[in-house]
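Line order of the protein sequences matches chains C and A. Counting from 1, one number per residue, gives the positions in the first sequence under our numbering. Counting from 268, one number per residue, gives the positions in the second sequence under our numbering.
Hints listed in this document are in silico derivations from the structure and should not be mistaken for laboratory results. Hints should not be assumed to be uniformly reliable.
As the list claims (entries may be wrong) - Listed next, the stretches of chain C that the computed footprint assigns to chain A, with coverage defined by at least 3 CB atoms under 8 angstroms from CB atoms of chain A:
hint, segment
1, 141-150
2, 200-208
Said to hold, decoys possible - Label pairs and their calculated CB-CB ranges:
hint, chain 1, residue 1, chain 2, residue 2, range
3, C, S227, A, D483, 50 to 56 angstroms
4, A, D455, C, D73, 46 to 52 angstroms
5, C, P192, A, D478, 43 to 49 angstroms
6, A, N329, C, S200, 15 to 21 angstroms
7, C, A163, A, P308, 50 to 56 angstroms
8, C, A163, A, N329, 25 to 31 angstroms
9, C, D73, A, D478, 19 to 25 angstroms
10, A, Q495, C, V234, 54 to 60 angstroms
11, A, L379, C, E21, 31 to 37 angstroms
12, A, E311, C, R267, 41 to 47 angstroms
13, A, E270, C, E44, 24 to 30 angstroms
14, C, Q72, A, S312, 40 to 46 angstroms
15, C, E187, A, G499, 54 to 60 angstroms
Where is the CB? At the ideal position from N, CA and C, for every residue including glycine.
There are 2 protein chains.
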Amino acid sequence: MFEESFLQAWELRYGAQPSAEYPELARFLNHRSVRTYSPKPIPESLVAALIGCAQSAATSSNLQLWSVVSVQDPERREKIAELAGDQDQIRNATWFLAFIADHHRIREAAGLVGEDAAGLDYTEFELMACIDAALAAERLVCAAESLGIGICYIGALRNNPDAISGLLGLPEGTFGVFGLCLGYPAEDANAPIKPRFGQSEVWFREIYPSDLSFEDHDRRASAFYDSQKMKGDVNWSMRSGRRVDGNHMTGREVLKEWLAKKGFGRR
Amino acid sequence: MFEESFLQAWELRYGAQPSAEYPELARFLNHRSVRTYSPKPIPESLVAALIGCAQSAATSSNLQLWSVVSVQDPERREKIAELAGDQDQIRNATWFLAFIADHHRIREAAGLVGEDAAGLDYTEFELMACIDAALAAERLVCAAESLGIGICYIGALRNNPDAISGLLGLPEGTFGVFGLCLGYPAEDANAPIKPRFGQSEVWFREIYPSDLSFEDHDRRASAFYDSQKMKGDVNWSMRSGRRVDGNHMTGREVLKEWLAKKGFGRR
Chain C
1 MFEESFLQAW ELRYGAQPSA EYPELARFLN HRSVRTYSPK PIPESLVAAL
51 IGCAQSAATS SNLQLWSVVS VQDPERREKI AELAGDQDQI RNATWFLAFI
101 ADHHRIREAA GLVGEDAAGL DYTEFELMAC IDAALAAERL VCAAESLGIG
151 ICYIGALRNN PDAISGLLGL PEGTFGVFGL CLGYPAEDAN APIKPRFGQS
201 EVWFREIYPS DLSFEDHDRR ASAFYDSQKM KGDVNWSMRS GRRVDGNHMT
251 GREVLKEWLA KKGFGRR
Chain A
268 MFEESFLQAW ELRYGAQPSA EYPELARFLN HRSVRTYSPK PIPESLVAAL
318 IGCAQSAATS SNLQLWSVVS VQDPERREKI AELAGDQDQI RNATWFLAFI
368 ADHHRIREAA GLVGEDAAGL DYTEFELMAC IDAALAAERL VCAAESLGIG
418 ICYIGALRNN PDAISGLLGL PEGTFGVFGL CLGYPAEDAN APIKPRFGQS
468 EVWFREIYPS DLSFEDHDRR ASAFYDSQKM KGDVNWSMRS GRRVDGNHMT
518 GREVLKEWLA KKGFGRR
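The following block holds chain C by itself, in its conformation from the complex (with noise of 0.2 angstroms):
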């Protein structure tokens, strides 16, 4: 499934031609979140070879700041998809990692040897926990789509940090970034490759520019929404305004707080 070329996926991102094919980049244009699966597994020892494949990520100073907790069991799959916004693919999906910005391990680790990690505190390695978890997460999902596996994350896992942190007894100086549901795509998985903005609005040469343009990116993404039937929709400026007004917040407006109490960016 989800075989489209080089061309079939550029058209289908940029509504044009790219300068040059480079069809060997195919698998990797043709990204989609998949929420519904087939029940193929996924055996155990291939999830150890993708977390492999996930440590194999660049991390900053090597200093790992990320885990994983996979969740398997399906009563604390039920909690977690009425946690993390109500979402079946998360019901359903073969395996749920939850990724974990993770300063605990490395603060143990310090602590044995006489250190006191007290630079966690900064801002920075807050950042740095996020960075490193999504580096990891994002060669993970590579790793797997180049088998035929699909993903979802699940940004959601943010919208009840506190519960979250509960029900994956997460200790302090850690919290639950974002999930990932892996499935082989059900054959009537409905995943279409998105629209993006042209390059020209996210490429820039030296410097950042003074003007950009919304009009293109506008049009391709109403074209979209109109194929997917998601009404309300009418362009991409609109539906993203309205996704960032601060009433959209879906319980992540206590997050600078929350996470200040768990030892994050509190300086």
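Keeping the supplied structure of chain C fixed, place chain A upon it in accordance with the hints.
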């Protein structure tokens, strides 16, 4: 170059054997940072294809909260190198990409349709932009490595955030999260695969455990430091403990206040 098999790469990461072998995932295991490059060019059309891969990564709610500024001018490269830890790979990379956490584009777009984007002040959207940038970058990296290109992330892009912003012409609501050096590896590039924590200290089932063990990883890291003649680094815990002691922030101690001025993490 860098064609370790699945089993060879696993041994270098973990000092152990996997429960099963997945040879087709070898390319994802054998990442390493590459800091010296051959003169072989990377054509602009290939960089465009790689940016297309980056843009094909998942992005939260399709908000696309990141951008890239490529810096090819040698004098500007020199300035970035000086600002970002005096790292020669910044000067010598075939391409240098600055990844930008970007609230500016969406704020502009929202403004044009009458939305004020007030929610972007929340810490949630600071994290989201950093995660979006990291997911995009790592997909680009996996794609580049699949073609034999070497990479090195530059976290030190955060060492002098104000000067970097000035150099790249970054507007309010944006900042340079990390840099990325790209180039085909030099024949004599010293780019070893580094050891990582065993999976039992990183991948947890259902619950984060109360006991973690550092000895195996410290022992393997020590052997690695010896092999690389990294004097003064006794083991991972001591090396990493120093890195997070608060006295080695290299300018990044200002990030919380500086980011708030730029519109990030205000509430």
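Review point. Do the beta carbons of C/A163 and A/N329 sit within 25 to 31 angstroms of each other?
Key: holds, 27 angstroms
Check your understanding: Has the hinted range 41 to 47 angstroms been met by the Cβ atoms of A/E311 and C/R267?
Key -> Holds - the Cβ-Cβ distance for A/E311 and C/R267, about 42 angstroms, lies within 41 to 47 angstroms.
Review point. Do the Cβ positions of C/E187 and A/G499 conform to the proposed distance bound of 54 to 60 angstroms?
Key: holds, 58 angstroms
Practice item. Could you check the hint for me, namely that A/Q495 and C/V234 are 54 to 60 angstroms apart, CB to CB? Key: holds, 56 angstroms
Check your understanding: Is it true that the C-beta distance of C/D73 to A/D478 lies inside 19 to 25 angstroms, as the hint says?
Key -> holds, 21 angstroms
**Study point:** Assessment of proposed distance window 15 to 21 angstroms (beta carbons of A/N329, C/S200)
**Key:** holds, 18 angstroms
Check your understanding: Given a hinted range of 46 to 52 angstroms, is it respected by the beta-carbon distance of A/D455 and C/D73?
Key -> Given about 51 angstroms between the Cβ atoms, the range holds.
Check your understanding: Does 31 to 37 angstroms hold as the CB distance between A/L379 and C/E21, or does it fail?
Key -> Cβ of A/L379 to Cβ of C/E21: about 34 angstroms, so the range 31 to 37 angstroms holds.
Review point. Between C/Q72 and A/S312, is the Cβ distance one that fits in 40 to 46 angstroms?
Key: holds, 44 angstroms
Practice item. Just tell me: holds or violated, for the beta carbon distance of C/P192 and A/D478 against 43 to 49 angstroms? Key: holds, 45 angstroms
Review point. Counting residues of the segment 200-208 of chain C whose CB is closer than 8 angstroms to a CB in chain A, do you get three or more?
Key: Since 8 is at least three, the answer is holds.
Check your understanding: Is the distance from the Cβ of C/A163 to the Cβ of A/P308 consistent with 50 to 56 angstroms?
Key -> Holds: the Cβ-Cβ distance is about 52 angstroms, inside 50 to 56 angstroms.
The structure fails none of the hints (numbered hints given earlier).
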